Amino acid sequence: MSDEKKKKKKAINRLKTMYPLRANIDKGYERSVEATKAGKPTAWSMVNWWEADPILKAMDIEIVYPENYGAVCAAFGKAQAFLDRSDAEGFPTHMCGYARNCIGYAAKMKELGEIPSEAPMGGMPKPMLLLCSGALCDARIKWFQALGRYLDAPVWTVEMPHPGVEESQMPGVREKAIDFMVKELREFVVFLERLTGRKMDWNKLDEIANDLIAINKIWYDLNEMRKVRPCPMHSRDFWTCMNASLFPAGDPKEALRLYQDMYDEVKQRVDDKIGAVANEKYRMIFGELPPWHALKIFDELAERGWNFVIESWAYQAPKPMDYSKISDPIERIATQTYQWLTGYFEDALKEKEYMGYFAYPYIEWARTFQCDGALFHPLITCRTATNHLILAQDRLLSKWNVPAMIAEGDIVDLNLFDYADTMRKAEVLEEMMDHHKKVRQERGLEW
Amino acid sequence: MTAEEKKGIARAKEIYQDRALRAKELKAEGKQVMGYFCLYPVLEVLTAFDIAPFRILGDMKEPITKADACLPTVVCPFVRSAFDLGLKGRYDFFDGVVMCHSCDIGEKASHIWRIYLDPSYYHFLDTPHTVHKAAQEQFKGQLEDFIKTLESFTGKELSTDKLKEAVEIYNRQRALVRELYDLNKSDPPLVSGTEIIEIMVALMSIPVDEGNDLLKQVITEAKERSDGPQKKPYRLLVWGSVIDNTALIEMIESVGANVVMDDTCVGSRAYFPVVETTDDPLDGLAYRYLVELKCPRTFWEAEYGETKKDYIKDLDSRFGYVKDYIKEWDVNGVILQSVRYCDIHGYEVPGIGDYLNHNSLPNIYIEHDYSEGALAPLRTRVQAFLELIG
Ligand code: SF4
Ligand code: SF4
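Protein chains in written order, with the numbering used here: chain A, -11 to 435; chain B, 329 to 718.
What the hints contain is simulated information worked out from the structure, not anything from laboratory work.
Please note that the accuracy of each hint is not assured.
Below, in silico cross-link-like pairs of lysine-lysine (DSSO-like), each with a Cα-Cα straight-line distance of 30 Å or less [said to hold, decoys possible]:
(1) A/Lys338 with A/Lys15
(2) A/Lys25 with B/Lys637
(3) B/Lys484 with A/Lys187
(4) A/Lys98 with B/Lys641
(5) B/Lys636 with A/Lys25
(6) B/Lys394 with A/Lys413
(7) B/Lys641 with A/Lys164
(8) B/Lys636 with A/Lys171
(9) A/Lys313 with B/Lys468
(10) B/Lys355 with A/Lys340
(11) A/Lys340 with B/Lys468
(12) A/Lys338 with B/Lys394
(13) A/Lys28 with B/Lys641
(14) A/Lys187 with B/Lys637
(15) B/Lys394 with A/Lys425
(16) B/Lys476 with A/Lys164
(17) B/Lys636 with A/Lys28
(18) A/Lys171 with B/Lys461
(19) B/Lys641 with B/Lys655
(20) A/Lys340 with B/Lys484
(21) A/Lys171 with B/Lys476
(22) A/Lys338 with B/Lys622
(23) A/Lys241 with A/Lys205
(24) A/Lys45 with A/Lys307
(25) A/Lys426 with A/Lys338
(26) A/Lys98 with B/Lys636
(27) B/Lys637 with A/Lys98
(28) A/Lys338 with B/Lys476
(29) A/Lys340 with B/Lys622
(30) B/Lys352 with B/Lys334
(31) A/Lys269 with A/Lys413
(32) A/Lys171 with B/Lys637
(33) A/Lys187 with B/Lys334
(34) B/Lys651 with A/Lys98
(35) B/Lys641 with A/Lys114
(36) B/Lys476 with A/Lys28
(37) B/Lys513 with B/Lys490
(38) B/Lys394 with A/Lys171
(39) A/Lys241 with A/Lys25
(40) A/Lys164 with B/Lys490
Owing to the predicted nature of the structure, the values given are computational and were not obtained by experimental measurement.
Using the sequences and the accompanying hints, generate a full structural model.
Laid out in C-alpha cells, this is it:
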C-alpha cells in the first residue's frame, strides 16, 4: 500500500466499537432473510420510527423494509432493471426511486411466481402484510396501495399526526394526537390478531417497547457528546450504526449492549480530547443520506480538516423524555414516536421557526454543535428529503452565518452525484466558511 | 357592457381573469379575506366568522422566478407557482391563511409560506391520512382548535346557528354545481369544459352567497343560449391533479372533443360531496371533509380490516364513483393527467388505468409541468388517443 493510500485510510478515526455493532445489524438481516425463507410470516413495512415495529416484533412477524432494500439493490447495482420494469408498468418516472425499485421487483416476482434470481441478498419474500406509515411522505402510503396490482397482501396504515409548530403547543393537541395514535395502534393489534390467528403477547410488547426506548436514549446521549471539540465521532460511524436504532435491526438487547460500548468509547475520546478527524478545522452538518457509493469523499474532506459532527433529523433518535409513568406499552410507543416527530417544536416556536422538523433541527444544531458549514445532499427522487433544504440553507446563513453547499444526488441513481464537482464546491465553501467565521465573531456569536 | 354589469358566464370569465377583483372590493368594504390551500380547510367555519375564503391557486402563465429561492425545482410545480405568486405580492390582500396537510409538499410549503410571507393569521390543519372512526374524531378535534384560533383572531365567538347557516348555504352551492354539471349530460353539453374551469375558479374567488347567485345566472344562461358547445364525437372525462387554468382543457377541446366531466379538485371533487345535517355541525363537517372528499391523498381500503386484498374490489372502492360519472355523463374516453412530481396522483395512474381497462373504457395518461409551453407535445398524444377511440 502506498503512503498516500495509508494516509487516506486514516483520515477518519473510526470507532472500534462500531464494528461489532455493525456486525450485529448484519447478523440481524441474515437471520431475518433465513427466517422469511423458512416461511415465517413477513410484513413489508415502511420505516415507521418505532410506532409499528415493536408491535410486529411482539407478534413474531418478521419485518422487511423495502426502503432499505432499495438501497441494497442500488448498492449491488441491481436497481436499474427494477426501475425500468416500474416505468414499463406505467408508473411515473419521477416517483421515489426506492418505490420504483420495489414496484419493479414486485411486478417481476408476480410474473415469475418466485423471488427474481437477480435480487440481491436473497430478495424480499412474499409478504402477508403491507404496512404503510403516515409519517412524512406520501409515497409511504401510495406506494404500498399501488402494490395491490402485484400482491394480494392486505394494506394497513399506521397514522402519525403532523401538527404545525404553533398548533402543536395549543392546549390538548399533544394529548389528542397521542390518544389518536393509541386508538389506531390498538385497532392495528386487533387486526394483526385476526390476520395471524395469534394473540398479542403484551409482556413481550412491554419489554420490546422498553428496549427500543433504551436504545434510543443511549444513541441520543452518545450523539450529544459530539458537541465537544474536537468532535469524537464522525458521521460515517453514525450512518454505519444508525440502523440498530432506526429500523431497528439486530437483536435489541445486544444492540443496547453494543451502543453502551460505543458510548464508553466516545466518552473516553471526549476525556482524552481525541477527535474523529486529526485536525478538526471545519465542524460540519451533513444533510440527508450520504452518497453511499462515494463515501471516500469524506476521507478526502477529512484530510482538509472537515469533521462531520451531526446529520439529518429524520435518522436521529428522539429527544429523551421520562416514560416511566406510562404503564401502557402502546401509549409508551405512541409517545416515543410523537416525541421524535415534535421534540424540537417547542424550541422552534420560541425562535419563530415554523418548520419544526427537518429544517429547524439544523438551525438549533448549527449553534449547539458549533458548526461552520453544511453539506446538503438532496435526493432527487425523495422529495421529502429535499423540499426543506433550500429553506435550511437560507436560514442557516441568515441566522447564524453558517453557509451550506448543495451537491445533488439520488437514492438509487448513483450516477447523479458528481464527485469532482462536489470537491470543487467544497473549496469554495471553505472560503465562505472562513469568511463567515469572522462575521460570526464580529456578531459576538459563541463560535 | 361595463365591467360591473357582466353576468353569468361572462362574469365568471372576468373573475377568472382577475381573481382578486372582487376580493379587493370586499376588503375595501372592510370585510376580511382569508386564503386557504387545497380542499381541507373547512370553508363553512370561515364563512360563519364572516370571513370570505379565497382559494390559493397558481398561475400557469406566470414564470416561476421567486419561489426557487425557497423551494427546490423538483417539487410540485403547482405549489411552486402558488408560492411564487405569494412572494410576488399577488396575495397581499389576505388577512391570513389556512393551510392543511393535503400532501407532503402541501404541508411543507405551508410552513415555508408562513416563514417567508409572515401572515397575520396562520393555521395549519393536520388532516389525518385514514378515514377510520378515530381519524374522524381527531379531525373534529382539529376543527375545534381551528375555531379557537379564529375566535382569538377575530375577537368573536362562533355561534352554532351561524355555522349551521353556513353549512346550508354551502350545500346549496354544492347542489347548484351539481345542477350545472348535469347540464353536460346532454349531447352536446351546454357548458364547455373550459367554461367550467372559469366558473369553478370564480367560485373559489368570491363569497359563497355571491357564488350561488353567479351559479344561478350561469345555469339559466346555459339553458337558454344558442351558442354553446358544438356536438363532437368524443365526450371526455378528465381525472387527476389540480387544473386551475383553462389551457389544458382548451387544448383538448380544440382537437375535436368535449370535456363533459371531471374528477379534479377545481371541479366536481370540490363540490359534489355535501355535508350531512348533524346536531353538532362539526360532526357532519368532519365527515364530509375527511371521508367524503374523494382525493387520493387519503388512504381508503375496500373493507376496514380486510385480511386479503382483492385488487379489483380495492379499485372499485377507490374509483367506483368515476365509473358512475362515466355512465351518467355518457363518457367515451378518459384523460388521466397529473402535474409532474405529484405523488398523490402519480401512484394512482396504473391502478385507475387498470380499473378503466377492466371496464373497457379507453384512457390515456399525460403528465405536464404546469406551464402552457409544455402542452404543445401533449396535443399530438391527445389527438392520437382520440383516433384510437375511433
Ligand atoms: S420518498 Fe423518501 S422518505 Fe418517502 S419512501 Fe421514498 S425514500 Fe422514503
Ligand atoms: S397537485 Fe399533487 S403534489 Fe401538487 S398540491 Fe396537489 S396533490 Fe399535492
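Structure-based check of all given hints:
1. A/Lys338 with A/Lys15: violated, 44 Å
2. A/Lys25 with B/Lys637: holds, 23 Å
3. B/Lys484 with A/Lys187: violated, 52 Å
4. A/Lys98 with B/Lys641: holds, 19 Å
5. B/Lys636 with A/Lys25: Distance of about 21 Å is within 30 Å: holds.
6. B/Lys394 with A/Lys413: Holds, because 24 Å separates the two Cα atoms, which is no more than 30 Å.
7. B/Lys641 with A/Lys164: violated, 34 Å
8. B/Lys636 with A/Lys171: Since the Cα atoms of B/Lys636 and A/Lys171 sit roughly 23 Å apart, the hinted pair holds (cutoff 30 Å).
9. A/Lys313 with B/Lys468: holds, 29 Å
10. B/Lys355 with A/Lys340: Judged against 30 Å, a Cα distance of about 28 Å means the pair holds.
11. A/Lys340 with B/Lys468: OK: A/Lys340 and B/Lys468 at ~27 Å, within 30 Å.
12. A/Lys338 with B/Lys394: This hinted pair holds, its Cα atoms lying about 28 Å apart.
13. A/Lys28 with B/Lys641: Cα-Cα ~28 Å, so holds.
14. A/Lys187 with B/Lys637: holds, 22 Å
15. B/Lys394 with A/Lys425: holds, 29 Å
16. B/Lys476 with A/Lys164: holds, 15 Å
17. B/Lys636 with A/Lys28: holds, 18 Å
18. A/Lys171 with B/Lys461: Given pair A/Lys171, B/Lys461 holds - Cα atoms ~10 Å apart, limit 30 Å.
19. B/Lys641 with B/Lys655: holds, 19 Å
20. A/Lys340 with B/Lys484: holds, 26 Å
21. A/Lys171 with B/Lys476: The hint holds at about 25 Å.
22. A/Lys338 with B/Lys622: violated, 38 Å
23. A/Lys241 with A/Lys205: Holds, at about 14 Å.
24. A/Lys45 with A/Lys307: Holds. A/Lys45 to A/Lys307 sits at ~23 Å (cutoff 30 Å).
25. A/Lys426 with A/Lys338: holds, 27 Å
26. A/Lys98 with B/Lys636: Since the Cα atoms of A/Lys98 and B/Lys636 sit roughly 16 Å apart, the hinted pair holds (cutoff 30 Å).
27. B/Lys637 with A/Lys98: holds, 15 Å
28. A/Lys338 with B/Lys476: holds, 21 Å
29. A/Lys340 with B/Lys622: violated, 35 Å
30. B/Lys352 with B/Lys334: holds, 18 Å
31. A/Lys269 with A/Lys413: Roughly 17 Å separates the two Cα atoms, so the pair holds.
32. A/Lys171 with B/Lys637: holds, 24 Å
33. A/Lys187 with B/Lys334: violated, 69 Å
34. B/Lys651 with A/Lys98: holds, 27 Å
35. B/Lys641 with A/Lys114: holds, 21 Å
36. B/Lys476 with A/Lys28: Roughly 50 Å between the alpha carbons, so the hint for B/Lys476 and A/Lys28 is violated.
37. B/Lys513 with B/Lys490: Not satisfied, since the Cα-Cα distance of roughly 35 Å exceeds 30 Å.
38. B/Lys394 with A/Lys171: violated, 43 Å
39. A/Lys241 with A/Lys25: The given pair, whose Cα atoms are some 24 Å apart, holds under the 30 Å limit.
40. A/Lys164 with B/Lys490: With a Cα-Cα distance of about 27 Å, the restraint between A/Lys164 and B/Lys490 holds, given a limit of 30 Å.
Going through the hint list in order, the structure does not satisfy hints 1, 3, 7, 22, 29, 33, 36, 37, 38.
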